[in-house]
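Undergrad: For the record, the sequence lines run as chains A and B.
So for the first sequence, my numbering puts the first residue at 141; every next one is plus one.
So for the second sequence, my numbering puts the first residue at 28; every next one is plus one.
Be careful, since some hints might not be right.
Said to hold, decoys possible - Once the Cα atoms are required to be at most 27 angstroms apart in a straight line, the calculated DSSO-like pairs of lysine-lysine come out as:
(1) LYS143/A with LYS82/B
(2) LYS80/B with LYS97/B
(3) LYS143/A with LYS84/B
(4) LYS30/B with LYS82/B
(5) LYS82/B with LYS45/B
(6) LYS84/B with LYS30/B
It is worth saying that the hints were derived from the structure and are not from the lab.
Here the structure is a predicted model, which means the values were calculated and not measured.
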Amino acid sequence: DAKTTQPNSMESNEEEPVHLPCNHSTISGTDYIHWYRQLPSQGPEYVIHGLTSNVNNRMASLAIAEDRKSSTLILHRATLRDAAVYYCILKQVEANNLFFGTGTRLTVIP
Amino acid sequence: DVKVTQSSRYLVKRTGEKVFLECVQDMDHENMFWYRQDPGLGLRLIYFSYDVKMKEKGDIPEGYSVSREKKERFSLILESASTNQTSMYLCASSHYRSGANVLTFGAGSRLTVL
Numbered sequence: 141d142a143k144t145t146q147p148n149s150m151e152s153n154e155e156e157p158v159h160l161p162c163n164h165s166t167i168s169g170t171d172y173i174h175w176y177r178q179l180p181s182q183g184p185e186y187v188i189h190g191l192t193s194n195v196n197n198r199m200a201s202l203a204i205a206e207d208r209k210s211s212t213l214i215l216h217r218a219t220l221r222d223a224a225v226y227y228c229i230l231k232q233v234e235a236n237n238l239f240f241g242t243g244t245r246l247t248v249i250p
Numbered sequence: 028d029v030k031v032t033q034s035s036r037y038l039v040k041r042t043g044e045k046v047f048l049e050c051v052q053d054m055d056h057e058n059m060f061w062y063r064q065d066p067g068l069g070l071r072l073i074y075f076s077y078d079v080k081m082k083e084k085g086d087i088p089e090g091y092s093v094s095r096e097k098k099e100r101f102s103l104i105l106e107s108a109s110t111n112q113t114s115m116y117l118c119a120s121s122h123y124r125s126g127a128n129v130l131t132f133g134a135g136s137r138l139t140v141l
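Generate coordinates for the entire structure from the input sequences, incorporating the hints supplied.
TA: Written out as structure tokens, the structure is:
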């Protein structure tokens with residue numbers, strides 16, 4: 141399975157944008173890029189996913205590099221409720237499951 | 028509107044006991060999963076099921092078994108609990124396979140084996 145590399149931790153000030161990077165240099169042409177986050181004492185929750193084009197939803201934006209070897213999750217205005225561990229995951233087309241790494245712990249400073 | 032429900036948030040069991048962790052989803056999902064989460068190791072897949080009575084081993088199936096008698100219910104069984112099975116257990120479900128299918132997780136069951 142293709143691997144992803146994320147920083148262990150990041151900090152952001154409240155109400156500022158946050159850019160969470162993810163490297164996936166061994167991505168295959170059919171791998172989807174998924175992002176999940178895990179708030180304290182909860183199970184992971186889906187944030188966003190994409191294949192080639194940039195994606196936007198109510199939670200975040202996903203910017204995918206043209207060569208697809210990296211991507212960035214963008215939170216447009218961080219709030220204290222966004223403090224969580226963010227996981228970048230590659231999902232093969234025919235696979236049923238996701239392989240989680242250790243993610244990036246985001247701290248939001250008031 | 029909880030959609031994946033894990034029966035117990037916290038359990039304490041003794042070594043050698045048989046442990047059942049229950050998971051129920053109300054989204055008519057075909058796929059169901061059991062992960063365990065440990066500090067520094069992220070989430071690791073134990074077993075998954077893509078249909079009733081079907082099961083597939085994940086990365087760390089040793090010491091565990093599963094049961095899926097009904098589409099909405101997926102049970103994780105520890106036949107003889109050991110201290111190294113102390114962990115957070117997470118159940119998830121998703122629709123039938125596709126590149127973009129999304130997992131919905133339960134809140135987790137924290138198991139302590141003494």
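Undergrad: Now look at each hint and say whether the structure bears it out.
TA: Comparing the hints with the structure gives:
For a cut-off of 27 angstroms, the pair hint linking LYS143/A to LYS82/B stands: about 25 angstroms separates their Cα positions. Annotation: proposed proximity of LYS80/B to LYS97/B holds, straight-line Cα distance about 8 angstroms (limit 27 angstroms). A threshold of 27 angstroms between alpha carbons decides the hint, and for LYS143/A with LYS84/B the separation of about 20 angstroms falls inside it, so the pair holds. With a CA separation close to 21 angstroms, the supplied pair LYS30/B and LYS82/B stays within the 27 angstroms bound.
A threshold of 27 angstroms between alpha carbons decides the hint, and for LYS82/B with LYS45/B the separation of about 20 angstroms falls inside it, so the pair holds. About 24 angstroms separates the Cα atoms of LYS84/B and LYS30/B, which keeps this hinted pair within 27 angstroms; it holds.
Hint violations for this structure: none, all hints satisfied.
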